[in-house]
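Peer 1: Build out the structure end to end from the sequences listed, making use of the hints.
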Amino acid sequence: MKILVPMKQVPDLVEELEIDSSGKRLNRDFLKFKLNEFDEHALEEALLLKEQHGGEVVVVTLDMAEADNLLFTAIAKGADKIFKIPGNCDEGIDCHSAAQMFATAAKSIGFDLILTGVQAADDRDGQVGMLLAAFLGLPHVSVVTGLSLEGASAIVHKEYAGGVMAEFEVVLPAVFGIQAARHTPRYAPVSKVRQAWKTSKIETVDGGTVPASNGSVVNRMFKPESGKRAELIEGSPDDVAGKIVDLLKSRGLL
Amino acid sequence: MTETITREVFQNFPAWLVVLFYVVSFTSIGIFLHGFSRRFRKYFRGRRVDRFDDLPKRILNAVRDVGRHSSIRKSDPYAGFAHFLVFWGFIILMIGTALVALDYDVLRIVKPDWQFLNGAFYLWYSLILDIFGVLFIIGLLMMIVRRRTFKLRKLDYARVDGSKDKYDRSQYAVDDKILLTLFLLIAVSGFLIEGVRIAATRPSFEVWSVVGWQVANLFDLSGISPSSLHVYVWWFHSVLVVLFIAYIPYSKAMHMLTDFANLLFTDDLTARRLPKIAEGTPTGYAALKDFTWKELLDLDACTKCGRCHVACPAMNSGAPLSPRDLILDLREYADKQARTQMWFHQKLLGENGEAQVIAGEVIKQDVLWSCTSCRACVEQCPVGIEHVSTIVQMRRHLVNEGAMDDGLQDALVKLSKYGNSFGKSDRLRAKWTDGLTFKIKDARKDPVEYLWFVGDYASFNPRIQELSRSVARVLTSAGVDFGLMYEEERNSGNDVRRVGEEGLFEMLVESNVKTMGKCHFKEVFTTDPHTLNTLRHEYPEYGASYTVSHYTALLARLLDEGKLTPKRKLGHTVTFHDPCYLGRYNGGYEAPRKVLRALGCDVHDMPRCRENSFCCGAGGGRIWMKDENYKERPSENRIREALGLKVARYFVVCCPKDVTMYEDAVKTSGNEGNIVVKDIIELVEEALGEEESLSTPSLLEEPI
Numbered sequence: 001m002k003i004l005v006p007m008k009q010v011p012d013l014v015e016e017l018e019i020d021s022s023g024k025r026l027n028r029d030f031l032k033f034k035l036n037e038f039d040e041h042a043l044e045e046a047l048l049l050k051e052q053h054g055g056e057v058v059v060v061t062l063d064m065a066e067a068d069n070l071l072f073t074a075i076a077k078g079a080d081k082i083f084k085i086p087g088n089c090d091e092g093i094d095c096h097s098a099a100q101m102f103a104t105a106a107k108s109i110g111f112d113l114i115l116t117g118v119q120a121a122d123d124r125d126g127q128v129g130m131l132l133a134a135f136l137g138l139p140h141v142s143v144v145t146g147l148s149l150e151g152a153s154a155i156v157h158k159e160y161a162g163g164v165m166a167e168f169e170v171v172l173p174a175v176f177g178i179q180a181a182r183h184t185p186r187y188a189p190v191s192k193v194r195q196a197w198k199t200s201k202i203e204t205v206d207g208g209t210v211p212a213s214n215g216s217v218v219n220r221m222f223k224p225e226s227g228k229r230a231e232l233i234e235g236s237p238d239d240v241a242g243k244i245v246d247l248l249k250s251r252g253l254l
Numbered sequence: 001m002t003e004t005i006t007r008e009v010f011q012n013f014p015a016w017l018v019v020l021f022y023v024v025s026f027t028s029i030g031i032f033l034h035g036f037s038r039r040f041r042k043y044f045r046g047r048r049v050d051r052f053d054d055l056p057k058r059i060l061n062a063v064r065d066v067g068r069h070s071s072i073r074k075s076d077p078y079a080g081f082a083h084f085l086v087f088w089g090f091i092i093l094m095i096g097t098a099l100v101a102l103d104y105d106v107l108r109i110v111k112p113d114w115q116f117l118n119g120a121f122y123l124w125y126s127l128i129l130d131i132f133g134v135l136f137i138i139g140l141l142m143m144i145v146r147r148r149t150f151k152l153r154k155l156d157y158a159r160v161d162g163s164k165d166k167y168d169r170s171q172y173a174v175d176d177k178i179l180l181t182l183f184l185l186i187a188v189s190g191f192l193i194e195g196v197r198i199a200a201t202r203p204s205f206e207v208w209s210v211v212g213w214q215v216a217n218l219f220d221l222s223g224i225s226p227s228s229l230h231v232y233v234w235w236f237h238s239v240l241v242v243l244f245i246a247y248i249p250y251s252k253a254m255h256m257l258t259d260f261a262n263l264l265f266t267d268d269l270t271a272r273r274l275p276k277i278a279e280g281t282p283t284g285y286a287a288l289k290d291f292t293w294k295e296l297l298d299l300d301a302c303t304k305c306g307r308c309h310v311a312c313p314a315m316n317s318g319a320p321l322s323p324r325d326l327i328l329d330l331r332e333y334a335d336k337q338a339r340t341q342m343w344f345h346q347k348l349l350g351e352n353g354e355a356q357v358i359a360g361e362v363i364k365q366d367v368l369w370s371c372t373s374c375r376a377c378v379e380q381c382p383v384g385i386e387h388v389s390t391i392v393q394m395r396r397h398l399v400n401e402g403a404m405d406d407g408l409q410d411a412l413v414k415l416s417k418y419g420n421s422f423g424k425s426d427r428l429r430a431k432w433t434d435g436l437t438f439k440i441k442d443a444r445k446d447p448v449e450y451l452w453f454v455g456d457y458a459s460f461n462p463r464i465q466e467l468s469r470s471v472a473r474v475l476t477s478a479g480v481d482f483g484l485m486y487e488e489e490r491n492s493g494n495d496v497r498r499v500g501e502e503g504l505f506e507m508l509v510e511s512n513v514k515t516m517g518k519c520h521f522k523e524v525f526t527t528d529p530h531t532l533n534t535l536r537h538e539y540p541e542y543g544a545s546y547t548v549s550h551y552t553a554l555l556a557r558l559l560d561e562g563k564l565t566p567k568r569k570l571g572h573t574v575t576f577h578d579p580c581y582l583g584r585y586n587g588g589y590e591a592p593r594k595v596l597r598a599l600g601c602d603v604h605d606m607p608r609c610r611e612n613s614f615c616c617g618a619g620g621g622r623i624w625m626k627d628e629n630y631k632e633r634p635s636e637n638r639i640r641e642a643l644g645l646k647v648a649r650y651f652v653v654c655c656p657k658d659v660t661m662y663e664d665a666v667k668t669s670g671n672e673g674n675i676v677v678k679d680i681i682e683l684v685e686e687a688l689g690e691e692e693s694l695s696t697p698s699l700l701e702e703p704i
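In the order they appear, the protein sequences are chains A and B. For the record, in the first sequence the residue sitting at position 4 is 4 according to the working numbering, with numbers rising by one throughout. For the record, in the second sequence the residue sitting at position 687 is 687 according to the working numbering, with numbers rising by one throughout.
One or more hints might be untrue.
Said to hold, decoys possible - Here are the simulated lysine-lysine pairs, BS3-like style, with alpha carbons at most 25 angstroms apart:
#, chain 1, residue 1, chain 2, residue 2
1, B, K276, A, K198
2, A, K32, B, K417
3, B, K276, A, K34
4, B, K431, A, K34
5, B, K252, A, K32
6, A, K201, B, K417
7, A, K198, B, K514
8, B, K424, A, K223
9, B, K414, A, K198
By construction, these hints were calculated from the structure, which means they are not laboratory data. The model shown is predicted, which means the values in this text are computed figures rather than measured ones.
Peer 2: Below, the structure is given as structure tokens:
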């Protein structure tokens with residue numbers, strides 16, 4: 001069983017986000033990046049499957065920011081091979097392009113199963129997994145919270161709103177969007193990561209060319225604007241309480 | 001007629017009995033050597049570690065410690081005194097016996113002219129041995145009384161990890177009884193032999209055997225014929241001695257040998273400076289083969305005195321860790337593997353005997369994660385056991401396996417990504433200085449006298465940021481020239497190392513050492529005792545050797561030199577909490593008390609103070625973990641202790657983590673208004689008269 005985990009990085013909220021002068025995108029000058037949290041769950045689920053059934057876990061990522069560290073951390077956690085798709089993505093990449101690059105890379109790497117994170121915190125449209133499945137012509141299940149392998153198929157649990165669960169049997173190969181792994185993603189001890197930097201090799205895999213304009217287009221990006229009707233009640237706790245009571249009375253709620 | 005002043009060995013013994021005695025003696029010595037060599041081989045198989053440096057000094061220290069019993073008397077004067085009597089009684093009686101063997105078994109045969117057990121020497125010999133024999137018996141009786149009637153918690157062998165039905169430790173108590181009883185019978189029967197011998201012939205010089213003479217008198221009174229008894233009493237005594245010798249390496253009596261060795265080879269810096277990852281154990285301790293010979297010796301050195309057990313903050317809070325049980329469990333496991341099990345050992349019930357991995361199975365994860373690395377166990381241990389570093393070695397394995405609490409994992413991930421446990425951008429590290437009316441120097445650009453290593457809590461926690469600003473104001477008013485590393489400071493790594501994340505520790509150290517190398521300063525100071533410890537004891541091994549002080553020492557100096565002059569006497573009644581890493585770890589007991597007295601505070605120490613201080617529960621990375629194992633959190637236990645003084649209005653601390661831990665504990669234990677937690681700098685600033693408003697406790701006014 002060869003499990004492929006495409007991973008990507010998203011802006012790290014540890015730094016204040018700024019919108020650049022175009023008003024359509026983040027100012028990327030001081031942006032820090034971190035691994036998409038859902039991709040971490042996809043990797044964890046892949047590693048758990050490998051521990052159960054054997055096989056190998058292969059991680060592939062786009063060339064940007066801390067890609068190398070991301071890949072070596074995956075090795076430290078137990079991944080077997082790591083690939084980087086060349087082509088600078090530091091300026092950001094939309095999900096259609098990302099899915100296309102991952103699809104091209106996946107074909108040349110080979111796989112039995114692809115696990116992606118269900119979505120990423122950057123564009124939040126949760127489409128990389130679906131598009132990837134579409135480009136590869138494979139079955140796809142999203143929002144997966146449970147996964148087990150039985151012969152040539154996988155039994156997956158999908159979570160619906162209101163706590164309803166569905167169980168699918170999917171013939172492999174397939175692409176699953178992982179919502180949560182069975183366990184909290186494991187810790188990668190720094191010494192193992194450092195060891196990986198020294199002893200592991202990042203392979204490159206071609207992602208092909210993608211059209212310059214692909215996927216959705218952002219018209220305007222802006223910070224949440226405070227509503228005009230909000231009224232700040234100030235004063236001592238007693239004053240504030242009094243004003244709230246008056247307010248509730250005036251609206252006929254008391 | 002003049003008497004020959006000596007005594008005849010094997011008086012009235014037929015030859016075959018003498019031969020029998022030697023056969024029995026050599027058999028027992030053989031059994032002893034067998035057990036001893038197996039134990040010795042066990043240590044020999046341990047990983048190498050150099051503990052032979054400065055051997056003459058080590059020997060001197062160990063002999064002095066054992067001779068004076070300083071470590072045994074330290075926290076239990078009664079037991080220390082009793083042991084002192086037993087120890088010296090035993091040593092003198094053993095020398096006495098050895099002299100008989102030398103005189104009779106060696107000199108009599110090879111050089112009879114040199115025999116010395118006669119004349120004046122014999123008289124002194126008789127007197128001294130009799131006196132020490134009595135002291136020996138007194139010590140033993142004190143111990144028997146202590147064990148039978150004192151009902152001490154430290155001598156209760158019950159486990160604290162909730163697995164009572166999985167273990168049987170009743171044999172430990174049997175071992176205790178056997179040793180004391182054996183000693184007592186040997187001593188008493190020794191006097192009986194002497195009495196019988198003297199009663200039979202009454203040589204006048206034997207009045208020097210002060211006790212034996214009186215025993216002889218008793219025989220006279222009783223009317224029993226002494227000569228008929230002699231052979232029986234003699235054999236009774238001899239058989240017990242012979243049994244005892246054979247018993248030593250298979251019982252708690254082994255401590256007579258292991259404990260001296262353990263004190264000899266102990267590391268004075270233990271816990272203060274943890275060992276680096278050794279070759280051959282890249283991932284911490286998973287198996288017995290990873291242990292050094294000293295760590296294996298530690299296990300056998302334990303006498304189950306229970307001092308660590310009752311001092312441990314984890315054990316006292318209902319967590320499953322007891323340092324005593326941890327050492328004993330490791331001993332039982334090591335002995336089983338090496339086939340050196342004690343005759344009286346812990347019995348495993350059920351399927352508990354299958355454990356193979358040291359960290360996680362033999363010693364359970366939650367036990368290892370319960371340690372606050374407060375060093376109370378090491379401080380208390382009279383025989384130099386190094387619990388903390390062994391625990392950290394096992395934690396290293398857990399970290400490598402990723403077996404940890406989510407909160408801890410989260411903190412480690414943040415520390416490796418951002419260099420602080422708060423997961424904040426490094427650009428915000430010095431944001432706390434924004435609230436100051438002056439700019440603190442950047443030590444990377446401007447030369448300063450003091451580099452202030454601020455630490456995570458003092459930089460990022462909003463409550464502690466206030467205190468950092470106080471420190472900055474006070475030092476500036478005293479004209480101290482100091483600077484910061486600003487955004488390039490990283491967590492010092494003290495607690496990261498104690499968690500067992502050695503790789504991350506090294507990464508943080510490398511970064512800090514590099515930055516410190518760029519700065520120009522003479523000395524370093526910090527408000528965080530944890531940071532103080534690693535900078536002082538561990539950074540030198542990574543190329544950063546600086547004079548490092550705690551701010552309390554700096555404040556004490558400034559007050560002394562008149563650079564800080566309190567405008568008024570505060571007159572507060574306070575108690576002071578010794579932070580583990582300032583006190584026990586670094587001996588900083590006086591400076592904070594000196595400061596408090598200089599401010600005009602009336603300092604009342606809690607029962608557990610100075611080296612016996614009770615940990616707040618935050619050390620060793622515990623601050624990042626969940627508190628779920630506790631019945632009562634250590635910090636709440638401590639607040640209860642402070643309230644027990646009934647006089648302290650302020651609970652004074654001088655460690656950023658203590659402020660958060662104890663302010664929290666005051667709230668959760670419902671004691672708001674009963675006592676107020678104060679950092680020492682708040683009192684300093686109050687006395688300097690710069691911020692009067694701080695003197696009134698504000699906690700009650702805040703909405704809950």
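Peer 1: None of the hints should be skipped; say for each whether it holds.
Peer 2: Cross-check of the supplied hints:
Between K276(B) and K198(A) the CA atoms are separated by roughly 20 angstroms; this keeps the pair inside 25 angstroms, and the hint holds. For the given pair, K32(A) sits about 11 angstroms from K417(B) by alpha-carbon distance, which is consistent with the 25 angstroms threshold. For the hint linking K276(B) to K34(A), the alpha-carbon distance of about 30 angstroms lies beyond 25 angstroms, and the restraint is violated. Between K431(B) and K34(A), the direct Cα distance comes to roughly 23 angstroms. Compliance with the 25 angstroms bound is thereby established for this hinted pair.
Between K252(B) and K32(A) the CA atoms are separated by roughly 60 angstroms; this puts the pair beyond 25 angstroms, and the hint is violated. A distance of roughly 22 angstroms separates the Cα atoms of K201(A) and K417(B); the hinted pair therefore holds under the 25 angstroms criterion. As the CA atoms of K198(A) and K514(B) are separated by approximately 21 angstroms, the hinted pair is consistent with the 25 angstroms bound. About 21 angstroms separates the Cα atoms of K424(B) and K223(A), which keeps this hinted pair within 25 angstroms; it holds.
For the hint pairing K414(B) with K198(A), the CA-to-CA distance comes to about 23 angstroms; that is within 25 angstroms, so the pair holds.
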